[in-house]
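All chains should be built: construct the whole structure from the sequences, respecting the hints.
Heads up: the sequence lines are chains P and S, in that order. Residue 124 in the working numbering is what sits at position 124 of the first sequence, and the numbering runs on without skipping anything. Residue 46 in the working numbering is what sits at position 46 of the second sequence, and the numbering runs on without skipping anything.
Honestly, the hints are just simulated from the structure, not real lab data. All residues carry an ideal CB built from backbone N, CA and C; glycine is no exception. One thing to keep in mind: the hints can contain errors.
[Unchecked claim] Here are the computed lysine to aspartate or glutamate pairs in the EDC-like style, where the Cα-Cα straight-line distance is at most 20 angstroms:
(1) P:Lys11 / P:Asp109
(2) P:Lys184 / P:Asp279
(3) P:Lys184 / S:Glu134
(4) P:Lys336 / S:Glu134
(5) P:Lys32 / P:Asp57
(6) P:Lys336 / P:Asp188
[To be verified] Here are some, though not all, of the chain S residues that point toward chain P, as calculated from beta-carbon distances under 10 angstroms:
(7) His29
(8) Leu39
(9) Phe52
(10) Val55
(11) Ile56
(12) Val60
(13) Gly64
(14) Val67
(15) Leu70
(16) Asn132
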Amino acid sequence: MIDLVVIPLLKIVFVLTGVLITVMYLVLLERKVQAWIQSRLGPMRVGPHGILQPVADVLKLFIKEDITPVRVDRAVYTAAPIIVLVPSLIAFAVIPFGGPVTLFGRTIDLHIADINVGLLYVVAVASIGVYGIILGGWASNSKYPLLGALRSSAQLISYEVAATMTLVSVIVTAGTLSMTGLVKAQLDAGVWFVFIQPVACVIFLIASLAETNRLPFDLPEAEAELVAGFHTEYSGMRFALFFLAEYANMIVVSSVMTTLFFGGWLRPFPNVAWLGFLDWVPTWMWFCLKTFGFLYLFLWIRATFPRYRYDQLMRIGWKVLLPLAIANVVVSGAIKVLF
Amino acid sequence: MGHVIAFYTLSVLILGFGVAVITARNPVHSVLFLVVDFLFVAALYVTLGAQFLAVIQVLVYAGGIVVLYLFVVMLVRLRRPTVPHEDRRRLTRLGVALAVLVLVEVVAIAAWSVASPLPAGAVGGGQLVAANVEQVGMALYTDYLIPFEVASMLLLAAMVGAIVLARRPL
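Structure (structure tokens):
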């Protein structure tokens with residue numbers, strides 16, 4: 001009873017709280033990192049060095065007036081932010097945050113669910129998130145959101161294909177679809193999969209930038225282009241949900257990249273015995289460090305590159321990334337069979 | 001016991017949303033109810049132990065095909081065509097007749113399958129759970145290779161047809 005209901009519930013509460021707090025501080029981190037790259041300081045006033053800025057932001061979004069345009073489709077307008085947010089959050093159910101730990105005499109695995117098709121579950125759930133964007137734009141009954149929504153969803157479904165193909169080559173290398181199985185496969189192989197599948201890693205990184213609507217692929221929400229894209233007509237808490245979903249998506253994608261290519265919760269060189277002193281760092285700490293490395297990479301890229309025009313964006317997705325990803329699958333399969 | 005509860009709850013939800021698909025006034029709502037329907041069907045697959053199929057159902061059907069349906073439905077502003085001289089009662093009688101016909105057919109099939117059941121070893125049972133993906137893969141690429149290739153050809157034909165219909169004159 002306890003193992004079946006209470007522990008998973010506690011894990012869910014823990015993970016959700018962690019994700020929400022991380023998202024809050026990720027927003028602050030983004031502003032700070034972008035500021036420092038641009039030779040300025042970012043938020044400094046609210047709390048020492050702006051540490052309490054997210055609290056101020058959350059309060060502001062909570063108490064802001066909720067303006068609903070007149071002729072919107074009420075049900076869909078209300079549902080759209082929820083449809084965007086929920087998939088981002090439930091994707092965390094299969095991500096392995098660490099190895100097994102012993103607490104109060106019980107061995108607890110640091111993942112909420114270990115399903116045998118874990119990786120495919122993450123991809124499937126991400127493809128449901130596209131609905132929220134389309135519906136948000138359509139339900140707003142306004143030109144710019146509709147255009148932004150169509151562009152964004154076309155971009156998302158295009159890059160989803162390339163990203164899924166790279167995941168196929170990783171699955172071919174590892175031989176399993178389960179996320180915990182993938183970490184174990186890297187432990188058995190003795191090397192992170194980024195060294196076996198570098199092309200797949202790079203393609204997945206670029207495709208993830210496009211999947212999360214981040215620069216250089218953020219035309220659908222660029223302020224100068226489409227006001228604010230599909231979330232123009234949303235204010236207050238509804239906008240907060242869209243915002244939350246975008247950053248939660250970023251965290252999901254970084255976690256998946258860590259788990260697939262960089263050893264998940266394994267310490268560096270897990271098979272080298274004399275580096276065993278590194279084991280005092282808990283496994284979930286390694287996972288967090290690697291994930292934050294990728295999140296920092298996302299923020300860094302945002303502050304560095306100009307954005308792609310829409311036709312360039314689509315061209316890269318279909319004519320460059322997809323053929324590369326498919327070729328990668330073929331080569332991986334061939335190497336796996338021959339060696 | 002839990003199996004039965006899950007099955008009946010899911011069935012009620014699937015059928016309910018199925019009715020909602022055809023009775024919704026707004027076509028976009030119709031498509032959305034269809035998506036929810038597909039998600040519940042995926043849940044039904046999970047109760048049967050076919051997790052791979054469930055996730056593929058969400059990924060391909062709910063997350064791919066219906067998205068494209070949604071694009072079309074959203075951009076084509078459909079209005080209920082006004083049909084003059086539409087006889088409501090005749091349509092209802094036709095609908096009921098068809099429904100009764102389908103019911104008779106389903107009952108006949110059920111009775112026949114109860115009278116001559118499949119041999120006991122036909123369904124894999126427990127071993128399906130762990131080796132889902134491998135078994136589907138093996139079956140698809142060895143026993144059912146020809147249907148697989150034929151399906152790929154069909155998709156290719158559909159794609160070529162769509163591109164030809166939508167291309168700009170050079």
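Tested hints:
1. The hinted pair formed by Lys11 (chain P) and Asp109 (chain P) meets the criterion: a straight-line CA distance of about 10 angstroms does not exceed 20 angstroms.
2. Taking the CA atoms of Lys184 (chain P) and Asp279 (chain P), the gap is near 17 angstroms; set against the 20 angstroms cutoff, the hint holds.
3. Simply put, Lys184 (chain P) and Glu134 (chain S) have alpha-carbon atoms about 19 angstroms apart, close enough for the 20 angstroms limit, and the pair holds.
4. Distance restraint check for Lys336 (chain P) and Glu134 (chain S): the Cα-Cα separation of roughly 16 angstroms lies within the 20 angstroms cut-off, and the hinted pair is therefore satisfied.
5. Only pairs whose Cα atoms come within 20 angstroms are accepted, and Lys32 (chain P) paired with Asp57 (chain P) is accepted, the gap being roughly 15 angstroms.
6. A distance of roughly 16 angstroms separates the Cα atoms of Lys336 (chain P) and Asp188 (chain P); the hinted pair therefore holds under the 20 angstroms criterion.
7. The interface hint given for His29 (chain S) holds, since its Cβ lies 7 angstroms from the closest Cβ of chain P, which is under the 10 angstroms cut-off.
8. With a cut of 10 angstroms, the hint placing Leu39 (chain S) at the interface with chain P holds, because the nearest CB-to-CB distance is about 8 angstroms.
9. Hint status for Phe52 (chain S): holds, given a least beta-carbon distance of 5 angstroms to chain P, under 10 angstroms.
10. Because the smallest distance between the Cβ of Val55 (chain S) and any Cβ of chain P comes to about 5 angstroms, under 10 angstroms, the interface hint for this residue holds.
11. A hinted interface residue such as Ile56 (chain S) counts as satisfied when its beta carbon comes closer than 10 angstroms to some beta carbon of chain P; here the least separation is about 7 angstroms, so the hint holds.
12. At its closest, the beta carbon of Val60 (chain S) sits 9 angstroms from a beta carbon of chain P; the interface hint therefore holds under the 10 angstroms criterion.
13. Using the Cβ-Cβ criterion of 10 angstroms, the hint placing Gly64 (chain S) at the interface with chain P is satisfied: the shortest such distance is roughly 7 angstroms.
14. For Val67 (chain S), the shortest C-beta to C-beta distance to chain P is roughly 6 angstroms, which falls under 10 angstroms, so the interface hint holds.
15. With a cut of 10 angstroms, the hint placing Leu70 (chain S) at the interface with chain P holds, because the nearest CB-to-CB distance is about 6 angstroms.
16. For the restraint placing Asn132 (chain S) at the interface with chain P, the shortest Cβ-Cβ distance is roughly 6 angstroms, inside the 10 angstroms limit, so the hint holds.
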